[in-house]
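Participant: Dock chains B and C with the ligands against the given chain A, drawing on the hints supplied.
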Amino acid sequence: MAKPLSNTVDKGAANRGALVSDFTRQLVPILPLLVLIVVFLIWPIVNVAIMAFEDNYGNFTFDNFVVASQGVYAQAFGNSISLGIYSALLASIPGAVFAYIIESRGSEFLKRIINSATSVLANSGGVPLAFMFIAAFGAEGSATVLLKAIGLDIYAGGFTLFSYWGLVLVYCFFQIPIMVLVFSPAVQALRREWTEAARSLGASKWQYWRHVGFPLLFPSFSASFLLLFASAFSAYATARAMTVGTIALVPLMIGTLIDGNVIVDQFNLGKALAIGMVLVTALAMVPYLLIQRRVARWQK
Amino acid sequence: MKKKSTALRLRGVTKSFAGLTALDSLDLDVKPGELVALLGPSGCGKTTALRIVAGLEKADSGKVLVRGEDITELPAHKRHMGMVFQQYSLFPNLTAEENAAFGLRMQGVGGAERKARALELLDLVGLSALAKRYPHEMSGGQQQRVALARALAVEPEVLLLDEPLSALDAKVRTSLREEIRRLQLELGTTTIFVTHDQEEAMAISDRVAVMSRGKIEQIDTPDVLYSNPASSFVASFVGNMNRIPAQFDGKHAHLLGGKAKVSNTDSAAPTSVVALVRPENIRLFKPAHNAKAVADATVLNRSFLGPVSQVTARTADGHVVSALLPTADTGDLHAGDAVAVELLAKQIMIEGSNA
Amino acid sequence: MKRLGFKLPSAGLFIAVLLAGVFVLLPLGSASEYSFRTPALGPGTYGWDNYAWFVSQPDFGTFITLSLLLAAVAAGITLLVLVPTVVWLNLRGQKLRPLMEFLTLLPLVIPVVALAIGAQTSLPVELQSNQYSLSFFYFVLALPYTYRTLDIGIRAIPLKTLSEAARSLGASQIKVIALVLAPVVRGAVIASVFLTIALSLGEFTLTSLLHWQTFTTWVTVISQSNILGAIALSVFTIVAAFALLLVVGLVSIRTKRRQVTEE
Ligand SMILES: Nc1ncnc2c1ncn2[C@@H]1O[C@H](COP(=O)(O)OP(=O)(O)OP(=O)(O)O)[C@@H](O)[C@H]1O
Ligand SMILES: [Mg+2]
Numbered sequence: 057m058a059k060p061l062s063n064t065v066d067k068g069a070a071n072r073g074a075l076v077s078d079f080t081r082q083l084v085p086i087l088p089l090l091v092l093i094v095v096f097l098i099w100p101i102v103n104v105a106i107m108a109f110e111d112n113y114g115n116f117t118f119d120n121f122v123v124a125s126q127g128v129y130a131q132a133f134g135n136s137i138s139l140g141i142y143s144a145l146l147a148s149i150p151g152a153v154f155a156y157i158i159e160s161r162g163s164e165f166l167k168r169i170i171n172s173a174t175s176v177l178a179n180s181g182g183v184p185l186a187f188m189f190i191a192a193f194g195a196e197g198s199a200t201v202l203l204k205a206i207g208l209d210i211y212a213g214g215f216t217l218f219s220y221w222g223l224v225l226v227y228c229f230f231q232i233p234i235m236v237l238v239f240s241p242a243v244q245a246l247r248r249e250w251t252e253a254a255r256s257l258g259a260s261k262w263q264y265w266r267h268v269g270f271p272l273l274f275p276s277f278s279a280s281f282l283l284l285f286a287s288a289f290s291a292y293a294t295a296r297a298m299t300v301g302t303i304a305l306v307p308l309m310i311g312t313l314i315d316g317n318v319i320v321d322q323f324n325l326g327k328a329l330a331i332g333m334v335l336v337t338a339l340a341m342v343p344y345l346l347i348q349r350r351v352a353r354w355q356k
Numbered sequence: 006m007k008k009k010s011t012a013l014r015l016r017g018v019t020k021s022f023a024g025l026t027a028l029d030s031l032d033l034d035v036k037p038g039e040l041v042a043l044l045g046p047s048g049c050g051k052t053t054a055l056r057i058v059a060g061l062e063k064a065d066s067g068k069v070l071v072r073g074e075d076i077t078e079l080p081a082h083k084r085h086m087g088m089v090f091q092q093y094s095l096f097p098n099l100t101a102e103e104n105a106a107f108g109l110r111m112q113g114v115g116g117a118e119r120k121a122r123a124l125e126l127l128d129l130v131g132l133s134a135l136a137k138r139y140p141h142e143m144s145g146g147q148q149q150r151v152a153l154a155r156a157l158a159v160e161p162e163v164l165l166l167d168e169p170l171s172a173l174d175a176k177v178r179t180s181l182r183e184e185i186r187r188l189q190l191e192l193g194t195t196t197i198f199v200t201h202d203q204e205e206a207m208a209i210s211d212r213v214a215v216m217s218r219g220k221i222e223q224i225d226t227p228d229v230l231y232s233n234p235a236s237s238f239v240a241s242f243v244g245n246m247n248r249i250p251a252q253f254d255g256k257h258a259h260l261l262g263g264k265a266k267v268s269n270t271d272s273a274a275p276t277s278v279v280a281l282v283r284p285e286n287i288r289l290f291k292p293a294h295n296a297k298a299v300a301d302a303t304v305l306n307r308s309f310l311g312p313v314s315q316v317t318a319r320t321a322d323g324h325v326v327s328a329l330l331p332t333a334d335t336g337d338l339h340a341g342d343a344v345a346v347e348l349l350a351k352q353i354m355i356e357g358s359n360a
Numbered sequence: 194m195k196r197l198g199f200k201l202p203s204a205g206l207f208i209a210v211l212l213a214g215v216f217v218l219l220p221l222g223s224a225s226e227y228s229f230r231t232p233a234l235g236p237g238t239y240g241w242d243n244y245a246w247f248v249s250q251p252d253f254g255t256f257i258t259l260s261l262l263l264a265a266v267a268a269g270i271t272l273l274v275l276v277p278t279v280v281w282l283n284l285r286g287q288k289l290r291p292l293m294e295f296l297t298l299l300p301l302v303i304p305v306v307a308l309a310i311g312a313q314t315s316l317p318v319e320l321q322s323n324q325y326s327l328s329f330f331y332f333v334l335a336l337p338y339t340y341r342t343l344d345i346g347i348r349a350i351p352l353k354t355l356s357e358a359a360r361s362l363g364a365s366q367i368k369v370i371a372l373v374l375a376p377v378v379r380g381a382v383i384a385s386v387f388l389t390i391a392l393s394l395g396e397f398t399l400t401s402l403l404h405w406q407t408f409t410t411w412v413t414v415i416s417q418s419n420i421l422g423a424i425a426l427s428v429f430t431i432v433a434a435f436a437l438l439l440v441v442g443l444v445s446i447r448t449k450r451r452q453v454t455e456e
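Chains as they are written, first to last, in the working numbering: chain A, 57 to 356; chain B, 6 to 360; chain C, 194 to 456.
With the rest of the complex left out, here is chain A:
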């Protein structure tokens, strides 16, 4: 009785051993990348998370989060979140339409140029972008003057570039290219056969989009939307260059706390704000994950 039992146990252990060694064997070649991700991303952020719960003497506390969720900080979170949403709304649709038109009709050469341009524009930001927009759309900007000459006074309605909506406008300059960049592969994956099969089965163009095109693009669209939200929500360089502290935004507050330009009672307040940002982005992923779960069956 004992013998066969130990036999099966041995076998199980051997199996498990084989599994483990199989897993580790797969793991070894990706170790360099894992190490880089841990050292330059995970380790720092885990530390931030831990310190966010410490008071000035290293004792456990929730105070940092309590302060971070009140007053000017709560207002900053509100501003940053709505900025993320508006910016994603404004950039996602034009970007998606543009990506579709270029991918479906553009020549190889045009696609190359647009790929280079979007890569650059998606990474533009900060002071260069701010100065460019000031030169163009500032009160004395040459585009402002030009548009006024053709009867379009953008300053008529009390607009200023240094306001919340000015910031939304400036963000479009890198958000739309980001959308084009991340949405193009999804459009590429649409096959001509699907349109043609739908057409020959009696579908009008609109019916094709309603039953086939949109459902196929929707998961990628929602992923891209999420990305745009995260990008505007956490943008720092452009916000800093444009607003000079006039609009309360979380990344700017964290920045000033890091720089030590502002003295607060709690040393670790900035860390709580940072973790708050991570939480907001993570929460924003929930609807996206729900969509992914719904389409998981037909997606490879």
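Don't read these hints as lab results, they were simulated from the structure. All values derive from a computational prediction rather than experimental measurement. Even for Gly, the Cβ is constructed at its ideal location relative to N, Cα and C. Please note: incorrect hints may appear among the correct ones.
[Stated by the list, open to error] Below 20 Å or equal to it, Euclidean Cα-Cα: the simulated SDA-like pairs (lysine to any residue) are:
id, chain 1, residue 1, chain 2, residue 2
1, B, Lys-83, A, Arg-266
2, B, Lys-83, A, His-267
3, C, Lys-353, A, Arg-81
4, A, Lys-167, C, Val-441
5, B, Lys-83, A, Gln-263
6, A, Lys-167, C, Leu-218
7, B, Lys-63, A, His-267
[What the hints assert, rightly or not] Ranges of calculated distance between the beta carbons of each label pair, as one might list FRET restraints:
id, chain 1, residue 1, chain 2, residue 2, range
8, A, Val-153, B, Gly-17, 36 to 44 Å
9, C, Leu-355, A, Thr-216, 53 to 61 Å
10, C, Arg-379, B, Asp-342, 47 to 55 Å
11, A, Phe-118, C, Tyr-325, 37 to 45 Å
12, B, His-339, C, Arg-379, 47 to 55 Å
13, B, Glu-118, C, Pro-351, 53 to 61 Å
Facilitator: Quick look at chains B and C with the ligands alone, frame taken from chain A:
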């Protein structure tokens, strides 16, 4: 002259892409319930012809008529055609059943009726068990069956198949082509089947249209095409053909120590030509009774095909010929054996020697 | 109906390109107009003065070189670490793919400002005081894009078959990756290197919060002393980055073509 019923009629359909003529005044008549194969080398315009019928491409000139009605200007989604593509044409976000029901849904057919009809068709193609599967959960052959069911569900005027089997492996290909033919006969659907596989075309069609450079060279039943090709192009495209150098005297071609009457003397005839001879019109045998006009050759290879075998041999002047012989007659033919070659055909076709 | 022998771009494409042109050129063109003004010579005069100004700054060359160097190192890490890893994951490491997919998405969830605090408080001083640590950060920040680009590109290729064929001919594991697979995955590799370079050249947040000076932070500082010069510099950075990537892109088209014709 005018036939009472023609399911599909193409008249003078011409199409060019950037100066390149893909279809050159193409005429085609398909009778109701008929399966016509469009056969031809790559780039000869088969797909283009099919797409023009489907309305996915617009002809530069010419007319397309369905049951006598001119549909040349009708957009694709109003034409009522069923199309099956080479591959990947199922909508990935819909199940097999929803795919099959798609056309009916576009017509506004109610849910229950739609579902019943879709299942009925999936059953016809033998896939009712997979109704809830998504395309990526099915094999290539199964996907093509669903695509077929989807196209048939709308009871199309004409079923258009563009190399529907070419992405499948050989075995599935043969079984599925027979199934397509069975369904087509059962439902009586007028069908155009594009392929560049002549065996496939010959096996399942009522008539085969052999295309070359945007034109139909000949359209006829498989046996007529095989036994009575209208041109050397058709002759060499349909079935296997030996191409053997020959001397042409204006009436007969002399080759393999014998001669045969030339049936296509239309072209100006050079003296050196290439004769087209079917493998079954060549006999190889051990030169025992050397009575007839024959040539000498050496056996290269013998492959067993069942009741017949294919034997290749090199003639004394260096040409390789291939012959189809009853297997019973090939028992004593081994690689390296000296044999006699006899031309059995009384009539053959020729081509210019450098054509 | 007679058709033209060539295909005209459809109206939709034309309008899209036109709008995109306005979208980019309205700000960029306006800023350019500004950047050529020479108020010292009187109103309405134009010249290269503002460009000459920033080019003559002693640190201009230093920081351009530094930024290019940091971008090149980040691109090098992409080539040496990321490319082999993704190839491996597609070849043998199927089990680890979900993990990698999750990890490479993290930089999108973790705001750069948050990462900056963490880097400042938790990385060893030796690492923090080495400016090449920036390249590693840039590499990590680019991961969501580079990993996906590579993964999609490489997944489309029958890597397994290719590598088995090569191995059956006696090639070693390393040879397989270097000689057989690398040329095939080249398109995806170029695209990911592209993205790494573009991100590295433009990164500001982390660089400035960690108190490093690169070209982007130098631009911020120098901009405060001369508005027109700053605008000229802005135009220059955007146009130069675009030109750089365009050259890389066109060269890669050219080599790809040559490869095809050689085959
Ligand atoms: N959209 C297009 N643009 C330009 N040329 C085209 C286009 N479609 C087809 N052609 C050209 O028209 C000719 C006929 O093409 P078609 O696709 O009809 O050939 P096919 O007989 O179906 O060939 P295959 O057996 O390879 O599928 C070819 O020379 C092809 O290059
Ligand atoms: Mg074709």
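Participant: It remains to establish, for every hint, whether it holds in the given structure.
Facilitator: These are the hints, each one checked on the structure:
{"no.": "1", "hint": "Lys-83(B) x Arg-266(A)", "in the structure": "holds, 18 Å"}
{"no.": "2", "hint": "Lys-83(B) x His-267(A)", "in the structure": "holds, 18 Å"}
{"no.": "3", "hint": "Lys-353(C) x Arg-81(A)", "in the structure": "holds, 18 Å"}
{"no.": "4", "hint": "Lys-167(A) x Val-441(C)", "in the structure": "holds, 14 Å"}
{"no.": "5", "hint": "Lys-83(B) x Gln-263(A)", "in the structure": "holds, 13 Å"}
{"no.": "6", "hint": "Lys-167(A) x Leu-218(C)", "in the structure": "holds, 18 Å"}
{"no.": "7", "hint": "Lys-63(B) x His-267(A)", "in the structure": "violated, 25 Å"}
{"no.": "8", "hint": "Val-153(A) x Gly-17(B): 36 to 44 Å", "in the structure": "holds, 40 Å"}
{"no.": "9", "hint": "Leu-355(C) x Thr-216(A): 53 to 61 Å", "in the structure": "holds, 58 Å"}
{"no.": "10", "hint": "Arg-379(C) x Asp-342(B): 47 to 55 Å", "in the structure": "holds, 54 Å"}
{"no.": "11", "hint": "Phe-118(A) x Tyr-325(C): 37 to 45 Å", "in the structure": "holds, 39 Å"}
{"no.": "12", "hint": "His-339(B) x Arg-379(C): 47 to 55 Å", "in the structure": "holds, 52 Å"}
{"no.": "13", "hint": "Glu-118(B) x Pro-351(C): 53 to 61 Å", "in the structure": "violated, 44 Å"}
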